[in-house]
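Can you build the whole structure from these sequences, using the hints too?
There are 2 protein chains.
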Amino acid sequence: MDPEEFRKAGHQVVDWIADYLANIRDYPVLPVTSPGQLAASLPPSAPEAGEPIERILDDFAERILPHVNHWNHPRFHGYFSVSASGPGILGEMLMSALNVNAMLWKSCPAATELEQVTLEWLRQWLDLPVGWFGIIYDTASTSVMHAIAAAREAAFPENRTGGGLRDAVCYTSAHAHNSFEKGAISLGIGQRNVRLIGVDDNFAMRADLLAAAVEEDRQAGRKPFCVCATVGTTSTTAIDPVAAIADIAEAAGMWLHVDAAYAGPTAILPEMRQHFAGCERADSFVLNPHKWLFTPIDISVLYTRRPDILKRAFSLGAEYLKTAQDSSAVNYMDYGVQLGRRFRALKLWFVMRYFGREGISAILRDHLEFAQELAGWIRADSRFEVMAPVSFSLVCFRLTSSNEANQRLLDAINASGRAFLSHTVLNGIFTLRFAIGNIKTNRDDLAGTWSQIQQCAAAL
Amino acid sequence: MDPEEFRKAGHQVVDWIADYLANIRDYPVLPVTSPGQLAASLPPSAPEAGEPIERILDDFAERILPHVNHWNHPRFHGYFSVSASGPGILGEMLMSALNVNAMLWKSCPAATELEQVTLEWLRQWLDLPVGWFGIIYDTASTSVMHAIAAAREAAFPENRTGGGLRDAVCYTSAHAHNSFEKGAISLGIGQRNVRLIGVDDNFAMRADLLAAAVEEDRQAGRKPFCVCATVGTTSTTAIDPVAAIADIAEAAGMWLHVDAAYAGPTAILPEMRQHFAGCERADSFVLNPHKWLFTPIDISVLYTRRPDILKRAFSLGAEYLKTAQDSSAVNYMDYGVQLGRRFRALKLWFVMRYFGREGISAILRDHLEFAQELAGWIRADSRFEVMAPVSFSLVCFRLTSSNEANQRLLDAINASGRAFLSHTVLNGIFTLRFAIGNIKTNRDDLAGTWSQIQQCAAAL
Numbered sequence: 357m358d359p360e361e362f363r364k365a366g367h368q369v370v371d372w373i374a375d376y377l378a379n380i381r382d383y384p385v386l387p388v389t390s391p392g393q394l395a396a397s398l399p400p401s402a403p404e405a406g407e408p409i410e411r412i413l414d415d416f417a418e419r420i421l422p423h424v425n426h427w428n429h430p431r432f433h434g435y436f437s438v439s440a441s442g443p444g445i446l447g448e449m450l451m452s453a454l455n456v457n458a459m460l461w462k463s464c465p466a467a468t469e470l471e472q473v474t475l476e477w478l479r480q481w482l483d484l485p486v487g488w489f490g491i492i493y494d495t496a497s498t499s500v501m502h503a504i505a506a507a508r509e510a511a512f513p514e515n516r517t518g519g520g521l522r523d524a525v526c527y528t529s530a531h532a533h534n535s536f537e538k539g540a541i542s543l544g545i546g547q548r549n550v551r552l553i554g555v556d557d558n559f560a561m562r563a564d565l566l567a568a569a570v571e572e573d574r575q576a577g578r579k580p581f582c583v584c585a586t587v588g589t590t591s592t593t594a595i596d597p598v599a600a601i602a603d604i605a606e607a608a609g610m611w612l613h614v615d616a617a618y619a620g621p622t623a624i625l626p627e628m629r630q631h632f633a634g635c636e637r638a639d640s641f642v643l644n645p646h647k648w649l650f651t652p653i654d655i656s657v658l659y660t661r662r663p664d665i666l667k668r669a670f671s672l673g674a675e676y677l678k679t680a681q682d683s684s685a686v687n688y689m690d691y692g693v694q695l696g697r698r699f700r701a702l703k704l705w706f707v708m709r710y711f712g713r714e715g716i717s718a719i720l721r722d723h724l725e726f727a728q729e730l731a732g733w734i735r736a737d738s739r740f741e742v743m744a745p746v747s748f749s750l751v752c753f754r755l756t757s758s759n760e761a762n763q764r765l766l767d768a769i770n771a772s773g774r775a776f777l778s779h780t781v782l783n784g785i786f787t788l789r790f791a792i793g794n795i796k797t798n799r800d801d802l803a804g805t806w807s808q809i810q811q812c813a814a815a816l
Numbered sequence: 357m358d359p360e361e362f363r364k365a366g367h368q369v370v371d372w373i374a375d376y377l378a379n380i381r382d383y384p385v386l387p388v389t390s391p392g393q394l395a396a397s398l399p400p401s402a403p404e405a406g407e408p409i410e411r412i413l414d415d416f417a418e419r420i421l422p423h424v425n426h427w428n429h430p431r432f433h434g435y436f437s438v439s440a441s442g443p444g445i446l447g448e449m450l451m452s453a454l455n456v457n458a459m460l461w462k463s464c465p466a467a468t469e470l471e472q473v474t475l476e477w478l479r480q481w482l483d484l485p486v487g488w489f490g491i492i493y494d495t496a497s498t499s500v501m502h503a504i505a506a507a508r509e510a511a512f513p514e515n516r517t518g519g520g521l522r523d524a525v526c527y528t529s530a531h532a533h534n535s536f537e538k539g540a541i542s543l544g545i546g547q548r549n550v551r552l553i554g555v556d557d558n559f560a561m562r563a564d565l566l567a568a569a570v571e572e573d574r575q576a577g578r579k580p581f582c583v584c585a586t587v588g589t590t591s592t593t594a595i596d597p598v599a600a601i602a603d604i605a606e607a608a609g610m611w612l613h614v615d616a617a618y619a620g621p622t623a624i625l626p627e628m629r630q631h632f633a634g635c636e637r638a639d640s641f642v643l644n645p646h647k648w649l650f651t652p653i654d655i656s657v658l659y660t661r662r663p664d665i666l667k668r669a670f671s672l673g674a675e676y677l678k679t680a681q682d683s684s685a686v687n688y689m690d691y692g693v694q695l696g697r698r699f700r701a702l703k704l705w706f707v708m709r710y711f712g713r714e715g716i717s718a719i720l721r722d723h724l725e726f727a728q729e730l731a732g733w734i735r736a737d738s739r740f741e742v743m744a745p746v747s748f749s750l751v752c753f754r755l756t757s758s759n760e761a762n763q764r765l766l767d768a769i770n771a772s773g774r775a776f777l778s779h780t781v782l783n784g785i786f787t788l789r790f791a792i793g794n795i796k797t798n799r800d801d802l803a804g805t806w807s808q809i810q811q812c813a814a815a816l
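First to last, the protein sequences are chains E and V. FYI, in the working numbering the residues of the first sequence are 357 to 816. FYI, in the working numbering the residues of the second sequence are 357 to 816.
Be a bit skeptical, because a hint or two may be false.
Put simply, identical chains are the same to the list, so a pair is met inside one copy or across any two.
[To be verified] DSSO-like cross-link-like pairs, simulated, lysine-lysine; straight-line CA separation at most 30 Å:
(1) 796 x 678
(2) 678 x 667
(3) 364 x 796
(4) 579 x 678
(5) 364 x 579
If you're looking for bench data, these hints aren't it; they were derived computationally from the structure.
This is how it looks when you write it as structure tokens:
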């Protein structure tokens with residue numbers, strides 16, 4: 357594709373995106389489709405001869421788009437609601453065009469250094485300790501796996517060479533994201549060595565139960581080495597007592613990882629800092645700019661006070677990757693599984709500069725306020741109940757009725773195409789999750805969706 | 357950023373990219389910079405107030421770009437040379453704008469189904485066995501780690517629960533990419549249980565040495581479980597004898613993984629298929645469309661004949677991720693570490709349709725031919741020698757002189773800004789690597805770079 361053909365098609369795509377973003381409310385949030393329907397509508401084989409870009413773009417809009425679940429929609433409230441903000445998309449366009457691989461400083465100095473700079477900027481915004489080392493991974497699942505691997509390296513340095521680690525135990529709450537468990541399984545720790553600690557009435561990890569589990573494992577000759585606290589769990593955005601967990605971790609010589617993948621950005625707000633008390637004592641800390649910092653997926657940031665350990669876990673020389681700057685620059689490939697690394701810092705740099713701390717803070721505050729407002733409406737309607745503390749921008753609620761009725765309510769809301777919510781189960785109780793986080797969600801959307809929910813409930 | 361502001365800035369960015377691609381030859385391939393230089397030139401903190409997008413774009417061009425190593429440059433011949441083709445960039449723009457997370461079928465049916473469709477199309481092009489299951493990961497490092505994890509699950513199904521696997525041994529060639537070793541270390545296999553098998557004069561794994569190592573490990577009571585053959589190694593693009601390795605793997609009950617991250621796309625060409633003989637017997641097979649299939653980084657494809665095993669290794673239910681389609685659709689999150697998944701299939705779909713099989717084949721044939729041509733020029737100049745068979749598009753060569761002289765030659769070429777090459781060391785001999793793979797490289801570039809190399813050699 358010559359540059360002029362790219363220019364022409366590129367302008368079309370930009371216009372399409374601008375129109376899409378402008379008219380996003382006209383789309384059904386959730387597509388009406390069933391498994392295999394899109395696949396069956398596409399040719400069984402790729403074309404022999406190339407096709408004009410016009411036709412591909414038309415097919416994208418006519419064939420692919422009707423099967424898209426619109427995460428960009430201001431009434432998308434499933435999972436965690438995220439945003440591809442304009443500056444983030446622009447940054448990603450440039451990343452894609454430059455197409456660098458930032459495995460080494462030398463392979464793209466700009467990518468490595470902008471990663472260092474933007475993560476230092478972000479560290480300041482989050483009020484995390486001076487000197488922490490930041491690195492970008494793709495997803496929080498990858499980040500947490502790296503944190504556990506670093507914890508293993510810290511506690512059992514011989515494991516890297518010898519393997520065969522037995523009875524090494526790690527801990528997290530029963531409400532933690534299952535990527536912690538998956539990471540531990542992947543690393544060969546063994547699922548039976550992952551303790552899912554019970555939670556209190558607010559779904560936060562009980563430090564007393566953690567202490568008891570650690571003690572029991574010690575008594576039995578097992579080796580506690582890692583604990584993961586969560587600030588903002590996936591089901592309910594519960595806040596584990598990080599300071600108390602840090603005490604236990606320190607006493608037991610365990611690595612403390614804090615998963616703030618979703619809620620982390622709120623540490624930018626001074627009034628929210630109390631939720632992060634104790635995080636300054638963590639060995640590693642994760643937040644995802646692609647979740648609630650208006651940066652397109654994927655970008656997860658891990659901070660650690662112990663980059664030397666992370667590097668010891670993952671660095672592995674290869675002659676074809678040696679450079680003259682190996683002692684004077686950071687080669688990010690030494691800090692992780694993945695050799696290939698996109699220039700992800702660029703989109704974060706666009707977002708941070710475009711909005712500034714004030715702009716980001718204002719949006720976060722809106723979302724936090726929307727959640728309180730919604731919770732108020734729910735509490736005011738006697739048919740409904742709020743199921744968990746609303747500490748951030750997620751509201752867990754349900755009809756004061758059967759699980760089956762609530763499942764039907766959820767299905768009715770989602771089938772309407774007017775909003776998309778997801779669910780969780782809390783102590784056996786089917787619960788709807790209303791996650792706020794899209795940059796375009798406004799009060800009208802919120803009120804409209806609540807009214808839609810009320811109508812669906814009335815029609816059950 | 358409202359849609360109209362995005363539209364305006366988006367058009368500017370498209371124009372910038374089109375100009376960049378049109379004028380790419382005017383840029384020095386390698387920037388003149390040193391560690392810390394860019395970082396020192398940027399503000400120590402992010403802005404409090406948001407900044408106009410104009411200023412950010414200006415800063416990108418004026419401050420960031422001079423520190424970029426231009427992987428897009430047609431004279432970028434380091435590592436493996438890659439391409440962000442126009443249709444690939446357009447696909448990525450749309451991915452970024454849609455910003456879906458394809459963890460579940462339901463979370464974006466289009467992303468899951470287009471992944472299935474494009475990977476089936478690609479499977480046909482590559483002439484891999486009917487029925488193989490395809491999945492997109494970010495990088496080949498991630499793919500190979502998943503392959504080893506699947507091998508572990510196949511051989512030691514109790515490990516997922518119990519951990520503590522000891523004396524499980526895996527094998528690859530001493531010339532394999534070190535991501536295999538890193539993957540095994542990460543998974544807790546232990547570096548000492550990774551055997552790096554010796555190579556023959558062509559840098560291909562010696563099957564007899566593999567057989568002997570497996571036998572020795574068995575005799576010693578250890579448990580061989582996985583072998584990785586490479587078609588197109590990183591240092592020299594050597595081709596391991598896959599069929600002979602498959603015999604050994606079958607006899608020993610080992611999982612056979614084939615790493616064709618770089619060379620895989622050439623299986624599209626019937627005349628190159630002989631290099632892939634035996635791959636049809638693999639348990640898993642990897643190629644990276646971001647390497648030599650003109651798709652922007654990152655996208656790595658893993659095929660496996662045993663998706664059930666891969667799923668058994670990684671699936672882990674969570675209530676908040678259960679859907680009504682769990683039994684009727686593929687939820688790709690069940691097949692890997694990462695929960696978050698971008699809509700990567702979209703950019704591959706753009707590339708495959710835009711070029712078609714004929715278009716892709718023609719470019720690959722050009723690159724293969726360029727490599728032969730270059731090797732011919734090198735052989736015709738008595739100061740130089742070719743150091744390894746030229747089976748694909750990489751030429752390994754050197755001055756018939758000292759290592760130190762060759763290092764100086766490499767530095768001089770790279771310092772010229774006219775071309776970028778990287779190096780390897782073969783049997784202690786410092787060797788230059790000239791990797792061809794950029795879609796814009798033409799015969800003039802090739803001849804110009806060779807002439808530049810000759811001049812640099814003359815000036816030493």
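Results for each hint:
no.	hint	in the structure
1	796 x 678	between (46 Å within a copy, 27 Å between copies)
2	678 x 667	within (16 Å within a copy, 36 Å between copies)
3	364 x 796	both (29 Å within a copy, 19 Å between copies)
4	579 x 678	neither (37 Å within a copy, 33 Å between copies)
5	364 x 579	neither (61 Å within a copy, 58 Å between copies)
Checked against the numbered hints given earlier, the structure breaks hints 4 and 5 and satisfies all the rest.
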